[in-house]
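First to last, the protein sequences are chains A and B.
Each residue of the first sequence is one higher than the one before, starting from -19 at the first, in the working numbering.
Each residue of the second sequence is one higher than the one before, starting from 15 at the first, in the working numbering.
None of these hints come from the bench; they were simulated from the model.
Model, not experiment: these values are computed from the prediction.
Where a beta carbon is used, it is the ideal one built from N, C-alpha and C, also for glycine.
Check the hints yourself; a few may be wrong.
To be verified - For the chain A half of the interface with chain B, some residues (derived, Cβ under 7 Å), not all of them: (1) Asn112; (2) Ile118; (3) Phe242; (4) Ile281; (5) Leu284; (6) Asn287; (7) Ile298; (8) Ser301; (9) Ala302.
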Amino acid sequence: MSAADNGAGERAGSADRALARLRSWCERHAIWLVLALLFALAAALSEAFLRPVYIFNIVRQAAPVGIAAIGVTMVMILGGVDLSVGAVISLSAVLAAVLMDGDPSNIPMALTLTMLAGAALGGVNGVLLAFNRVSPFILTLGMAVVITGITQIYSGGTARGIVAPGFREFFNHRIGGMVPVLALAFVLLSLAGIALQRTTRFGRNLYLIGSNPLAATLSGLPVRRVTIVAYALSGLFGALAGLALLARSGVSSTFAGRGLEFDVLAAVVLGGTTFQGGRGGIGGTVAGVFVLLIAFNLVNIVGLNYNAQLIVKGLIIIAASAAYTYVKRAQ
Amino acid sequence: MRSLFASRYGILAVLAAVLVLASATIPEFRSASNLANVAVQSSALAILAIGQTLVIIAGLIDLSVGMLIGLIVVVTCDVMDGQSAMTAVAIALALGIGAGVGAVNGLLNNILRIHPLILTFGMLSVLQGAVFVYTDRSVGRTSPEFAWLANGDIAGMPFSALLLLVTALAAAGLLHRTRLGRHLFATGGHEEHARRAGINTARVRFWAFTLSGLSAGIAGILVAGRLGTGYPNAGVGYELDAIVAVVLGGTSLAGGRGSIAGTVAAVFVLGIASNALNLLEVSSFTQILIKGLIVVAAILLNQPRRRVPA
């Protein structure tokens, strides 16, 4: 009798374990389920979502926010946040256009200096946070105001600079008539970010420091160095996002990136990286970016005007985030 | 101890310093009409920031208030369209829409359990869409009585400043003299501990958001009264200015501590700095930069430290 009970118990135990594994898988990949559902809905509503050209268009559209979100994910795994990224995007777009000054031979110099400027501004955030330990939320908010001021003074408040011929053409060229270079760049940068996060000591340190900063400090991890490098990378990815925006739109407005930090933040949090740090990752963030973007495209296809789209955008952010939280809480 | 003292009273010292510096160096600054002007210009933001202080003390945040002001400005002006008879209706609408949207934020936060930053960011987008679906250009105008609320004075004292004083005293009384106030601090300090101590934290969060919405209603009345017309972009950016003021005032973004006096002082520091720079004819671009540097410097000197870096 007891043997039969044991057998039943074991079977129940292994079933429980399998269920637990399934739930844990669901938890980690909840955002992908949301993305798949949304994509299925989109494809049901419009044939366009099944055409590769349209899909690659979406990837290209996602590039500016998506690239910035890669860097912000890293600082959020660390337990920080970077709200200056929208201002960095604006500054980079203006800076690159001014440095190019309409001359293709200036392009390499313009790109290098823009990336350096982004990394340097991010580095300032990192140094201030590594040595002062104030709230990263508010410090980077303050830095956003500073950077916006610099951009305004530098540009005189209007769109300045001339994008060199060839710059936009290169990034919008479709390889094989299909894949825009900009979309490919976004994919490659995402893969680079995932590799950095998964395979390097720096990536491991991000998670260790984020999940328990005190333990990380006590066990001698280079907390300050990792902090500075993470924020510098966030600035660098912000600059790359600014270049992507310039390549996509060609407009070097001083407010090109205004408000994008919240789109970035929404994508990162949807993707499962929390404000507490220590969990999440760039893969989820990329899925989060596409959830938001497909949602906006869907609204477009249904035929609502831009103002109504804003309402739907807000509702989708709330609903997707709620669905994701529900799946996570279900276990 | 020193840093605790600095984080509690630092902003009052900064306010005194800014006040003395501006009065000593800029003669026009000292005039009664200019000082009244500073008070009038600062009161809407100060009232909004008081609401945000309550939310942040409870460990939450409310990004939706800027667009909420925009919605209130548009709706009240459209409803009044210059008629005195509609003044009371417009005031009731402003307070009702404000508290109502705040209550919706509170309910959604409790039901959906999503991060308040994401929730209120989503709400910001919804409200922005609602404002622009309603109108994409300025509509209606305020009645003379409604405009008086923002621009009038009683024996030389601007009414908006009196409104701010009453709001600040009410909020401070709420925080320090009532059960809800103590529960706001407890919930923001450690939600789980507060819940286990028997505090209905869902109810606390609901009221924090509702009061924040109500503060946007009052601030919206002042903004509409100053503009005189329903400009759809009237509220853009107010939420960030309010958060900046709250944090400059020494309220911890982690929740659990903060003060109304600090927030109001911070609003006046920013208001006086902006007024002084205007009098000195500094360009608006340079002003943005200076404002940012003030914010960063004040944060580095003033925000409560975390124990460990990140």
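Cross-check of the supplied hints:
About 5 Å separates the beta-carbon of Asn112/A from the nearest beta-carbon of chain B, less than 7 Å, and the hint is met. Using the Cβ-Cβ criterion of 7 Å, the hint placing Ile118/A at the interface with chain B is satisfied: the shortest such distance is roughly 4 Å. Interface hint at Phe242/A: satisfied, since its Cβ lies 5 Å from the closest Cβ of chain B, which is below the 7 Å cut-off. Annotation: interface hint on Ile281/A violated; nearest CB of chain B at approximately 17 Å, more than 7 Å.
Interface restraint check: Leu284/A against chain B, minimum CB-CB distance 9 Å, threshold 7 Å, status violated. The restraint placing Asn287/A at the interface with chain B holds, with a minimum CB-CB distance near 4 Å, inside the 7 Å limit. The interface hint given for Ile298/A is met, as the beta carbon of that residue sits about 4 Å from the closest beta carbon of chain B, less than 7 Å. For Ser301/A, the interface hint holds, the least distance from its beta-carbon to any beta-carbon of chain B being 4 Å, beneath 7 Å.
Satisfaction of the interface hint for Ala302/A is found here, the shortest Cβ-Cβ separation to chain B being roughly 4 Å, below the 7 Å cut-off.
Hint violations for this structure: numbers 4, 5, all remaining hints satisfied.
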